[in-house]
Structures are given as structure tokens and as C-alpha cells.
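Make the full structure from the sequences, and use the hints.
Letter by letter, the chains look like this.
2 protein chains.
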Amino acid sequence: MDMLWSGWGDPAKAAPLPDSVTGLLRDLLGVTPRQTGPRDLDAIEVPSPALTGQARTALRAALAAEDALREDAESRVRHTRGKSTPDLLRIRVGEVDDIPAAVLLPGSHDEVLAVLRACAAHGLSAVPFGGGTSVVGGLSPQTERPFVALDLRRLDRLLAVDEVSRTATLQPGLRGPRAEALLNERGWTLGHFPQSFEWASVGGFAAARSSGQASSGYGRFDEMVLALTVATPEGTLETGRAPRSAAGPDLRQLILGSEGALGVITAVTVRVRPLPRKRVYEGWRFASFEAGTAALRRLAQDGPRPTVLRLSDETETFIGLAQPDAIGSAEAAPPAGCMAVVGYEGTEEDTAARRAAAREVLLACDGEYLGEEPGERWEHGRYNAPYLRDALLDAGAFAETLETAGFWSTLPELYRSVREALTGTLTAAGTPPLVMCHISHTYENGASLYFTVVSAQGEDPVAHWEPVKRAANDAILAAGGTISHHHGVGTDHRDWYAREIGPLGVRLLQAVKAELDPAGVLSPGVLIPVR
Amino acid sequence: MDMLWSGWGDPAKAAPLPDSVTGLLRDLLGVTPRQTGPRDLDAIEVPSPALTGQARTALRAALAAEDALREDAESRVRHTRGKSTPDLLRIRVGEVDDIPAAVLLPGSHDEVLAVLRACAAHGLSAVPFGGGTSVVGGLSPQTERPFVALDLRRLDRLLAVDEVSRTATLQPGLRGPRAEALLNERGWTLGHFPQSFEWASVGGFAAARSSGQASSGYGRFDEMVLALTVATPEGTLETGRAPRSAAGPDLRQLILGSEGALGVITAVTVRVRPLPRKRVYEGWRFASFEAGTAALRRLAQDGPRPTVLRLSDETETFIGLAQPDAIGSAEAAPPAGCMAVVGYEGTEEDTAARRAAAREVLLACDGEYLGEEPGERWEHGRYNAPYLRDALLDAGAFAETLETAGFWSTLPELYRSVREALTGTLTAAGTPPLVMCHISHTYENGASLYFTVVSAQGEDPVAHWEPVKRAANDAILAAGGTISHHHGVGTDHRDWYAREIGPLGVRLLQAVKAELDPAGVLSPGVLIPVR
Numbered sequence: 001m002d003m004l005w006s007g008w009g010d011p012a013k014a015a016p017l018p019d020s021v022t023g024l025l026r027d028l029l030g031v032t033p034r035q036t037g038p039r040d041l042d043a044i045e046v047p048s049p050a051l052t053g054q055a056r057t058a059l060r061a062a063l064a065a066e067d068a069l070r071e072d073a074e075s076r077v078r079h080t081r082g083k084s085t086p087d088l089l090r091i092r093v094g095e096v097d098d099i100p101a102a103v104l105l106p107g108s109h110d111e112v113l114a115v116l117r118a119c120a121a122h123g124l125s126a127v128p129f130g131g132g133t134s135v136v137g138g139l140s141p142q143t144e145r146p147f148v149a150l151d152l153r154r155l156d157r158l159l160a161v162d163e164v165s166r167t168a169t170l171q172p173g174l175r176g177p178r179a180e181a182l183l184n185e186r187g188w189t190l191g192h193f194p195q196s197f198e199w200a201s202v203g204g205f206a207a208a209r210s211s212g213q214a215s216s217g218y219g220r221f222d223e224m225v226l227a228l229t230v231a232t233p234e235g236t237l238e239t240g241r242a243p244r245s246a247a248g249p250d251l252r253q254l255i256l257g258s259e260g261a262l263g264v265i266t267a268v269t270v271r272v273r274p275l276p277r278k279r280v281y282e283g284w285r286f287a288s289f290e291a292g293t294a295a296l297r298r299l300a301q302d303g304p305r306p307t308v309l310r311l312s313d314e315t316e317t318f319i320g321l322a323q324p325d326a327i328g329s330a331e332a333a334p335p336a337g338c339m340a341v342v343g344y345e346g347t348e349e350d351t352a353a354r355r356a357a358a359r360e361v362l363l364a365c366d367g368e369y370l371g372e373e374p375g376e377r378w379e380h381g382r383y384n385a386p387y388l389r390d391a392l393l394d395a396g397a398f399a400e401t402l403e404t405a406g407f408w409s410t411l412p413e414l415y416r417s418v419r420e421a422l423t424g425t426l427t428a429a430g431t432p433p434l435v436m437c438h439i440s441h442t443y444e445n446g447a448s449l450y451f452t453v454v455s456a457q458g459e460d461p462v463a464h465w466e467p468v469k470r471a472a473n474d475a476i477l478a479a480g481g482t483i484s485h486h487h488g489v490g491t492d493h494r495d496w497y498a499r500e501i502g503p504l505g506v507r508l509l510q511a512v513k514a515e516l517d518p519a520g521v522l523s524p525g526v527l528i529p530v531r
Numbered sequence: 001m002d003m004l005w006s007g008w009g010d011p012a013k014a015a016p017l018p019d020s021v022t023g024l025l026r027d028l029l030g031v032t033p034r035q036t037g038p039r040d041l042d043a044i045e046v047p048s049p050a051l052t053g054q055a056r057t058a059l060r061a062a063l064a065a066e067d068a069l070r071e072d073a074e075s076r077v078r079h080t081r082g083k084s085t086p087d088l089l090r091i092r093v094g095e096v097d098d099i100p101a102a103v104l105l106p107g108s109h110d111e112v113l114a115v116l117r118a119c120a121a122h123g124l125s126a127v128p129f130g131g132g133t134s135v136v137g138g139l140s141p142q143t144e145r146p147f148v149a150l151d152l153r154r155l156d157r158l159l160a161v162d163e164v165s166r167t168a169t170l171q172p173g174l175r176g177p178r179a180e181a182l183l184n185e186r187g188w189t190l191g192h193f194p195q196s197f198e199w200a201s202v203g204g205f206a207a208a209r210s211s212g213q214a215s216s217g218y219g220r221f222d223e224m225v226l227a228l229t230v231a232t233p234e235g236t237l238e239t240g241r242a243p244r245s246a247a248g249p250d251l252r253q254l255i256l257g258s259e260g261a262l263g264v265i266t267a268v269t270v271r272v273r274p275l276p277r278k279r280v281y282e283g284w285r286f287a288s289f290e291a292g293t294a295a296l297r298r299l300a301q302d303g304p305r306p307t308v309l310r311l312s313d314e315t316e317t318f319i320g321l322a323q324p325d326a327i328g329s330a331e332a333a334p335p336a337g338c339m340a341v342v343g344y345e346g347t348e349e350d351t352a353a354r355r356a357a358a359r360e361v362l363l364a365c366d367g368e369y370l371g372e373e374p375g376e377r378w379e380h381g382r383y384n385a386p387y388l389r390d391a392l393l394d395a396g397a398f399a400e401t402l403e404t405a406g407f408w409s410t411l412p413e414l415y416r417s418v419r420e421a422l423t424g425t426l427t428a429a430g431t432p433p434l435v436m437c438h439i440s441h442t443y444e445n446g447a448s449l450y451f452t453v454v455s456a457q458g459e460d461p462v463a464h465w466e467p468v469k470r471a472a473n474d475a476i477l478a479a480g481g482t483i484s485h486h487h488g489v490g491t492d493h494r495d496w497y498a499r500e501i502g503p504l505g506v507r508l509l510q511a512v513k514a515e516l517d518p519a520g521v522l523s524p525g526v527l528i529p530v531r
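For the record, the sequence lines run as chains C and F. If you use the numbering used here, the first sequence corresponds to residues 1 to 531, in order. If you use the numbering used here, the second sequence corresponds to residues 1 to 531, in order.
The hints are simulated quantities; they were obtained by calculation from the structure and are not laboratory data. Treat the hints with caution; some may be incorrect.
To be verified - Counterexamples of contact, computed for chain F against chain C with all Cβ distances above 12 Å:
no.: 1; residue: Val280
no.: 2; residue: Ala428
no.: 3; residue: Gly430
no.: 4; residue: Asp460
To be verified - Stretch by stretch, here's where chain F covers chain C in the computed footprint (C-beta under 8 Å, at least three residues):
no.: 5; segment: 234-240
no.: 6; segment: 405-415
no.: 7; segment: 473-483
no.: 8; segment: 495-503
no.: 9; segment: 512-519
What the hints assert, rightly or not - Pair ranges (Cβ atoms, derived):
no.: 10; chain 1: C; residue 1: Ser108; chain 2: F; residue 2: Ala514; range: 30 to 40 Å
no.: 11; chain 1: F; residue 1: Asp67; chain 2: C; residue 2: Ala514; range: 38 to 48 Å
no.: 12; chain 1: F; residue 1: Leu275; chain 2: C; residue 2: Glu348; range: 32 to 42 Å
no.: 13; chain 1: C; residue 1: Leu275; chain 2: F; residue 2: Leu275; range: 35 to 45 Å
no.: 14; chain 1: C; residue 1: Thr347; chain 2: F; residue 2: Ala428; range: 49 to 59 Å
no.: 15; chain 1: F; residue 1: Arg359; chain 2: C; residue 2: Ala385; range: 44 to 54 Å
no.: 16; chain 1: F; residue 1: Asp67; chain 2: C; residue 2: Ala364; range: 50 to 60 Å
no.: 17; chain 1: C; residue 1: Glu373; chain 2: F; residue 2: Gly371; range: 46 to 56 Å
C-beta atoms are modelled at their ideal positions from N, C-alpha and C, and glycine is treated no differently.
What follows is the structure, given as C-alpha cells:
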């Protein structure tokens, strides 16, 4: 099934906002309903395909399947940009200036290599496309040249499982649920459940350093990757002969996070774990975000580590965004303070032991146990926030998320200053926002901060958001945070990423790109500035 | 104190072999005593310093301290090559063809930058020098140009401790014991105890991806590093704003393992942990290496993870190399089968819980508990193997170590084929060896294999070893292992490393080097071939 072209997910699952939320938007944020929804896909004016006859012939020759090169309008619109709120706002009104000239569906590593060579020969760019869920402009190359979307959905096989080493080799086009199902059949799990899980792909998880909701237990995706096969315009790169090695720099860690700009990941070997027999999620309340953060830090540093560990700040707790399905319902009547969801997955014995020990820690940190019901509600709604955003946009509101990470000692200032940047700029622009935040990924030495902003849209909502996003990015860097904990860089964060790694870091990556992709075929302007 | 120039460690700690071992060497391996020990340092003929007057002036200008540029023979000999067995055999007979033209002792990051610029301007190479403990030719640049040894011992401060985030920022010239003492004073530990601990430096740990004997509990050094400051001929690179990030490739992981060829690490921020209140090490016996490996794998995959986890194969167990201090003594009378050392460090409660749970697993894997005495003996001798090597060389034997890592499923073939390569080539050369092996670093998905080889020396011991080492390296790659788990690449493994990462991997690293070090100042020929 294809994702809704103008929004998120399965079109059948779209649901309007409850009246209570519409009222809240009106009363609290001054949101006025929009009269117009997205236009019809058929009504979008699409520019003619920009491939030359020679380029078309070369691309066809690179691909065995008859239908592997598509130039029809619908295919191209469906591969235009990603799923950030500006992306959605623009596609909903039919803005397709970032449309690919064609969509290619390679069926093998060798076909990817052949396509990249054909692109280099014919002055085309190519943008690797997995689930199409980028929220940072990763699918919007910045180039005057025509570009093709390299949709990897046909590379969708589980290539190997090594039961002794507990590893699995997956093709990049496998989406989350299918990858998980193939592993589950054999008793294994990847344990990677980002909010985009239902649509995002294994290749995208790797290319963008995805982090899942159970990262406290299973780790980030980049920590699961043991080996990679990468197709570049200059040939194939294979890396990963051992879990860990002292043989030079870790080249896996150079490809992870390269967001398609250095190569196309065509196979990923990951660590797998036994399918958990037991899963339990529970709610905890803390008097303040500060108190809750201290509790999370204690678990992250001294253990035991829960599998899921997330804490909403006061505003997010009050709004009930910890359980998107229940917003505005009586059920969600929030406790005062801050709510945390703490989950355990594993064997019966292991979850019971960790749960009991973590309970002692949480109680010692003045946590109040709220039972399993809030945890179950979180689990039920864990992939639904993007549907909620569609409904908010339909209702005339603006809603977007952004995130960062830092060391524990920097978190309070990072939290304060990003919140202030968002609130300050949006208020000054006449649309005072609701700013909510949660911590959803914890480490011994720090954690992530994930912000959700809701406000009225303003006259031109894309232009309205731009200075706000810039102010938030500036605040992140000024407070010592990283420009992204798990969304990535894309084109939206590129200029701040350049500041984060410095001029020499940029030159280093440009040099790598020039070596692997001398013609600049791959996603120009994504991740790093074109040299 | 300076290390023994012709061997390992503190000259006062050198000890001759017990007669029982000398007998064993003679009877088992045909080793005949050598009449000549190392020559006197004073008697070594050292070539004249090769610095031009201009270069000397420029280097002096780059360094504030009067005594920071040294051209005397002793300083230069002490910075000639590292501590591999061929390195020792060559320096013992006065071979100093790899001698630096001068030794520099920079006192700050800025001085390192200035020195690198001066080197670039005057056609010099520079080799960063930490503890001088490389065993892979990492201190032997391959260049016709004169080179300077950049000894970092004056960069020896603990710069910062962040108690909330549990991080510490260290200068690279701090050696293991001093770094640990500075942290211990404040209640923290790094938990990094490689065999070279007493002499190796923090910068070297990072540059060479060191792994300590307690890696099962504390992780490898590259897993501890959170941020790095690097001086390159083109300027400064700073990386690491959060424990984990999705902002592009992980540039930390490009510098880690770069072995001085891409830049000079001038500050390292590492994760620290509370100083353990309890330490306990115990011995276990397994019927075979296979049975013991299965037990280690079970602990590594399903937990609980001990802090120290190592298993000697049958030969190493028999010889007693698990406790170097006790070789040949009645005390060491080995049990049949294979011995494992299993250790726990942490709080009283945590070590007791892990120990009890691991005990169940080890018993279920048919392990036999041997009590704490073998563990204590291991602890007592844990840094002594390099002293033993000196004594073996003095006694006319050849002794060397090499190592690799692979996924669990590849380990049996990796073990078999490396062992066969060593035994086969040395036997064919007329010097049948003793080949011992242990696993000392375990991961969910694989483990390391560490081999020790002892034989008679042959007529020209350096030339005698060369084809053996080549055969072992070939066997490692053919069996799917990595060319190094923790020794690194240097110049000795470079050609096999190039095969491991492939031509495109080599080009990629050469491109990075060309960008950061266009004049090729830094350790030419180390890690990657000169382009």
C-alpha cells in the first residue's frame, strides 16, 4: 500500500479531531478552521518529465524490469519531498518544484550501481528513497539538474539469519513491520520501533541514524548495525567483518548518517535479539520535569535499564500528548506534574527483575506509580502522532516537531532555550504556541529532547514557520546541543550541521563525497553543501 | 620514568626465566640460549640529526619550552619504533634505520598545530608518540623524508570532570595509571585496563582503538569516547556534542582508529563510572575450548555480563599463560581442559547479583568452579606478559602475539586456520612452535581471538618471522576475521587492512587524509598506503 500522498500513513486511518480539541485550539491558540483541504492529486500540475531520450535509454538499460522506470505524474508526486510539516503544507497546495523527473525501482545491488553510472554519464542526480518519511528535507536535493528518485522498495528480502551470532542481513527496502514479521517468524526481533516504524525502511533507518521508542533497551539503529554493503558511483563498499575492530576508523559509522549523499545502502547486517515473551508498560508521575529527568538519569546511569523510558514535560503531560489517541477525552484527564512511561520487554524473569529494581529507584526519586493503564494507552497510540498532525493541519492549526540531544549537564539550559526560542518567535509573530517536550532516549551521559509545537498557522504557514525553525536551530547550537538526535540533517538542518562540525568537518565530508561520487550524482545539497 | 629502551616496562622489574621454563623451551621447542643480550644504548651508532637549520629554527619557534626539541642520541633511540617483537629484536642489535631526526615535546594544542604547520613548510613528517607501545609498526613511518617524533607526554592534565553527565576530559599524554589515579581521587574510574595499561597513553588508547581486559563490563575505549579535539595540518577538528546524534556520520569514529595519520588527538572526553567498591575474579574450568566458548557466548548474549571474561584454549591453559607469573611453578599445575577467568566489579550488591546469576549459567554450561585463587593469580600477573617476552627473548626464544575478531559463527574456523597457519609455517621453517590462544573480549555478536606464539628464533629471527606473520594475516582474512581487534593497523597490517576495506575504502581514507593533511606530514604509510 502507498502512503497518503498529502499526509501520513494509511488513508483509511485518518480521523478528524474530537470537538474538544477543536475547542482547545480555538480558545487557547486562536486557530480558525480552514475551508480548504488538500487538492486532488489529479489536479496537481506536474511539469513534463525532464529526462532526455538518451538518459531514458540508459536508465532503461540499467534496469531489468519493464516497469522499473516510471514517469507518470502520480508516481512522481508521490516521490516529491518528505513528511515534514512544510513538506505537507506545500504538497497539499500542489507545489511540486522539487518533483523528480522519474522514479526508478531497482531490483538488485548491481542495478543500483548501473543506475548510478547512468546518472553520472547523463548529468542526472539520484535521491535514494526508502519509506519517504524524511522530516528534514532529505528528499529535496538542491540542484539545477533533473533528478531521479531511487525507490528501493523492491530490495525487500531478508537475506540471511545467523542464529549463532544473532545477526540478520536485510535489504534496505524492507519496511519496519515486514522486517519485523520476517524476523519474528524465526523467533527474533530487531527491537527498532521509531514513530515512523509502519512506513520507514531499513535502509532509511541506517542512512538517517534512526532511534526507536525502545532505544533504552535495544539501542539506536546505528548501534545495531554490524555490516553494510553500499553502492556508490565509484563502485561497491563493504564494511563490517567483526562486531568491533581496531582495524582503522569505523567506516560503518561514516556510512550511517550519510543520508544517501555518499552511497546507496543495499544490505544491512544487524544484531537481532530473541523475541520478548513479555512486554509491560507502566505510567509514573513526577512533580516536575526536573524531578523526572533526575529519575531517568539515575536509571540510565546506575540501572536497571528499562526497555522504554520516556518523560513528558508539564505541558505535554497536561495536553495528554503522551497518549495521542486520548487527547481531549475524559480518559486522558492528566495527573498534575509530569508523566513518564516506563516499559520492560524480555523474558518473564528478566522483566520482572528489572521492573522490581527500577521501581525501587523510581520510588526513591519520588515517582508515583500510576499503574499499567497509562502505559497501555501509550502503546496503543505510539505510532499515531503523525495522523494527529494531519488532523491538526486540516483544522487550520500548525503542528511540527523538532529534537536535539546533549549531555545531562547541558539539558536544562538546552530545554529552556529551545522552548524560549519557539515561544518567543511564534508569539512575536502573533501566533503564541503550545510548546511541549519529552525525553524519549536516554544514555549514561545524556539524553534527547523532543519538542512538539502547535500554533495557529499564520497567513503563509510555510513562510511563517521558517524564522521560528531558524531560531530553534540557533538555540540548539548555542546551548551546546546537536542539531539532531534522530531526525537527521537533510537540507533543512544542513547549515546548522555545518556549524556543528566546523569548516574542517565539512571539508572532510566533501572530500569523501568527491571520492565516492565525483560527478555529484547522489542527493546534492543533502547533508553537506555542494562544494 | 622512561620505559626500558630495548624491551618492556620498568627495567627494575625484569626477571630471568625460571629454570623449569628454560628446560621446557629446550625440551619442547629446541630453544638454545643466546650468548648476547642487547647492546648498550651508548654503543648504538646513531645517524646525525637530519634537520636543516631552517627546520630547526621553525620547530623551535613553534615550541615555547627551551627543552622541547631534542636531538640527542638517547632521546631519538628511545623514540625509534615500538614494542612488537621484531621492533625489539631490531633495536637490541642496534638497528636504528627508523630513527626520528628529533623528538618534540609540545605543551599545548596550539603548539601541536604550530609544529604541524612547521613540518608542512619544511618537508618533514611527524609521528605522534604516546606511550610508544605500538606493536604493529605504528611508529615506523614509511617515508624518505626526515621525521620528528611528536611526544605528547607534556599534555598530561585532567581538564574537566562533569559529575552530572559522568564525563571527563583528558589530555592525550596521560598514561593509564596517572589518568586512573586522577579520576580515582574524585571517585571515578575509566575502567580501561589493557595489558599495556602501565605505559600506554590516553591519546594512544583513542588513536588505536584500544580494548581493556575489563571490556566486557566497561566496553572498549572507542565506546567510551564522547568527544575529541584533533589538531591537523589544516586546523582543528572538534567533534561530539551529545552522547549520540543523528547529525551525519559519526566523525568521532573516523578519528578513533586513525592512528595519528589523520590528526593528533589533543583532548579526549570519555565516559567515567563510579569507582567500584568490590572487585572479585574467579577461575572456571571447561572440558574444551569449544565448550568454554559456548559458555562465554551465552553470557555475552543473554547475560549477566561479567566485567572480565576470558577463556584460554587447551594449550594456553596447559602452559599456564593465563597466569604468566606462575608459569613453570608447581602452583600453576593446570587443570585439564580450558581455564576461564571471570571477574565482577561494581557495588557489593551488583557484583553479588551478577556473580550468582552468571554462576548458574556457567554451571549449566558444564563449567567447573575453581574458586578465587586462579582469578587472583590472573589479576596479579595481568600486566606482566610483556616482561615475560623480554625474558624469553633473552633466553633465545622467539615470542610474539597477534589477534583478530569475528562473529561467533566464524570463530571456530578463524581459530583453526590461524593456528594452522602459525604452526604450519613455523614447523616448515624448522622451528615448530607452541601456539596458544585466548578469548578476552566478547560481544553479543562475536569475540576476539588472541594468539601467543613461542618457538626457537631461527638464524635471523626477524626474517624468520616475516612469512609466518604474513601467513597468519592471510589466514585471518580468508576466514572472515578482521586484521585487528585491538592492536591496530600501523605499517605491519596495512596491506591486509587495505584488502579488508577494499580499494574504495582505501581511496576514501586517502581522500580524508589529503584534505586534512595535504602535505602528507602525519605518519606517512601508517594505516593507509601513501597515495
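Each hint, compared with the structure:
no.: 1; hint: Val280; verdict: holds (19 Å)
no.: 2; hint: Ala428; verdict: holds (28 Å)
no.: 3; hint: Gly430; verdict: holds (32 Å)
no.: 4; hint: Asp460; verdict: holds (29 Å)
no.: 5; hint: 234-240; verdict: holds (count 6)
no.: 6; hint: 405-415; verdict: holds (count 6)
no.: 7; hint: 473-483; verdict: holds (count 4)
no.: 8; hint: 495-503; verdict: holds (count 5)
no.: 9; hint: 512-519; verdict: holds (count 4)
no.: 10; hint: Ser108(C) <-> Ala514(F): 30 to 40 Å; verdict: holds (33 Å)
no.: 11; hint: Asp67(F) <-> Ala514(C): 38 to 48 Å; verdict: holds (43 Å)
no.: 12; hint: Leu275(F) <-> Glu348(C): 32 to 42 Å; verdict: holds (35 Å)
no.: 13; hint: Leu275(C) <-> Leu275(F): 35 to 45 Å; verdict: holds (38 Å)
no.: 14; hint: Thr347(C) <-> Ala428(F): 49 to 59 Å; verdict: holds (51 Å)
no.: 15; hint: Arg359(F) <-> Ala385(C): 44 to 54 Å; verdict: holds (46 Å)
no.: 16; hint: Asp67(F) <-> Ala364(C): 50 to 60 Å; verdict: holds (55 Å)
no.: 17; hint: Glu373(C) <-> Gly371(F): 46 to 56 Å; verdict: holds (50 Å)
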